[in-house]
Structures are given as structure tokens and as C-alpha cells.
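Engineer: Sequence:
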Amino acid sequence: MASLFKDLAKISAYRDRRFPGTQEEFEDALLKATTVYVGNMSFYTTEEQVYELFSRAGEIKKIVMGLDKNCKTPCGFCFVMFYSRDDTEDSVKYISGTILDDRPIRVDFDWGFQEGRQWGRGRSGGQVRDEYRTDYDPGRGGYGKLVQKELEAQRQLVDYGTGSLGAYPPV
Numbered sequence: 001m002a003s004l005f006k007d008l009a010k011i012s013a014y015r016d017r018r019f020p021g022t023q024e025e026f027e028d029a030l031l032k033a034t035t036v037y038v039g040n041m042s043f044y045t046t047e048e049q050v051y052e053l054f055s056r057a058g059e060i061k062k063i064v065m066g067l068d069k070n071c072k073t074p075c076g077f078c079f080v081m082f083y084s085r086d087d088t089e090d091s092v093k094y095i096s097g098t099i100l101d102d103r104p105i106r107v108d109f110d111w112g113f114q115e116g117r118q119w120g121r122g123r124s125g126g127q128v129r130d131e132y133r134t135d136y137d138p139g140r141g142g143y144g145k146l147v148q149k150e151l152e153a154q155r156q157l158v159d160y161g162t163g164s165l166g167a168y169p170p171v
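Once you know that position 44 of the sequence shown is 44 in the UniProt record's numbering, the rest is easy, because the numbers rise by one and skip nothing.
Hints may be right or wrong, so weigh each one.
[Claimed, not checked] Straight-line distance between alpha carbons at most 35 Å, and here's what the computed DSBU-like set of lysine-lysine pairs gives: (1) 32 - 69; (2) 32 - 72; (3) 62 - 93; (4) 69 - 93; (5) 61 - 32; (6) 61 - 93; (7) 32 - 62.
[Stated by the list, open to error] Quick list of simulated restraints, FRET-style, between CB atoms: (8) 72 - 104: 24 to 32 Å; (9) 55 - 22: 32 to 40 Å; (10) 70 - 24: 30 to 38 Å; (11) 46 - 83: 16 to 24 Å.
Source of the hints: derived by calculation from the structure; they are not laboratory data. A virtual CB, placed ideally from N, CA and C, is assigned to each residue, including glycine.
With the hints as extra help, turn the sequences into a complete structure.
Structural biologist: In C-alpha cells:
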């Protein structure tokens, strides 16, 4: 049976906690959005690759790559802004799940880019989801940032005071 209204559950599974409005205003913004959030990208994916893929859905106004706020390096997400709502809908419908740099990317409607949203929100500068990741993911910089710090601390404990058997007095 046909429906007169779009199902909001299908518009976005993500709720931006920093959206400056009510849930109703957020949903309304998503219904009018010409911006998409692209997630699960490799840290090595370039803006040119994103442009090449998303230009198949329509004319792109702007791409903003997500950056680690400390290192200013890509951290696995971006915003793509289109000129029309139809092109935005096509990108969500046809590009979400596409493999880009050996990773299935996630494309979701976004309420609109604002300055400051390009920075990772994690404590170490990248995305929060990469802070605690315990699996090794070469496309996203290896282990999660906190796991990498722990491994480095363990490595320093092992390396401390070693180097040769001459460090120990003869028996």
C-alpha cells in the first residue's frame, strides 16, 4: 500500500546529540537536507575518490573531509553537500554500502554541515568509535587509539633496560 508520508525511521539511524534543536526539528532538517554524512571510510581515502564516487549521484557543491583534531589527518568520515535533495536521496539510496578503498561505506542524511563538525570527537582527536576498537583494522590506522597507547606502554616496559647481556653483572 502506498504511503503519503516518508517513514522517518528510514531517514537516519543516527541522532546527532549536538543538534541545536528538538527531535522534531532534527527530523524536519533531515527531510530537507542536501548533505550526507559518509562513515566507515578508510583513513587513506582521498577527497578525489569521494568526489569520483558521489558525483555519480549528482552535482556536488562541496566535500568536507573529517579530520583528527590533533593531527589534522583524515579520520574516516566526510560530509558531501549536493545542490539538490533528489541527488542527496540518490546518494543514500545507491551509494550506501558501496565498497570504497576495500571498505563498505555508510551514507546517511545529515542535517547540514557547520564549521567545527569536521573534527573527530574522540579524546585522542579521531572518531569516538576508533578510541576503543580492539581489532586490528589497517584501513583505519591499525588498532584503536587507546589500545595503541597500551601496546606502546607495554613495549616500553619490555624495552627498558635491555639491549645486551652486558647490562647484567657476570655470575
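Engineer: Evaluate each hint against the coordinates.
Structural biologist: Checked hints:
Distance restraint check for residue 32 and residue 69: the Cα-Cα separation of roughly 29 Å lies within the 35 Å cut-off, and the hinted pair is therefore satisfied. For the given pair, residue 32 sits about 31 Å from residue 72 by alpha-carbon distance, which is consistent with the 35 Å threshold. The straight-line distance between the Cα atoms of residue 62 and residue 93 is roughly 19 Å, inside the 35 Å bound, and the hint therefore holds. The hinted pair formed by residue 69 and residue 93 meets the criterion: a straight-line CA distance of about 30 Å does not exceed 35 Å.
For the hint linking residue 61 to residue 32, the alpha-carbon distance of about 16 Å falls within 35 Å, and the restraint holds. Restraint check: the Cα-Cα separation between residue 61 and residue 93 comes to about 19 Å, which is no more than 35 Å; the hinted pair holds. A hinted pair counts as satisfied when its Cα atoms are at most 35 Å apart, and residue 32 with residue 62 qualifies at roughly 17 Å. About 26 Å separates the C-beta atoms of residue 72 and residue 104, a value consistent with the hinted range of 24 to 32 Å.
Remark: the range hint 32 to 40 Å for residue 55 to residue 22 is upheld by a beta-carbon distance near 34 Å. Between residue 70 and residue 24 the beta carbon distance is about 36 Å. The supplied range of 30 to 38 Å therefore holds. The given range of 16 to 24 Å is respected by residue 46 and residue 83, whose C-beta atoms sit roughly 22 Å from each other.
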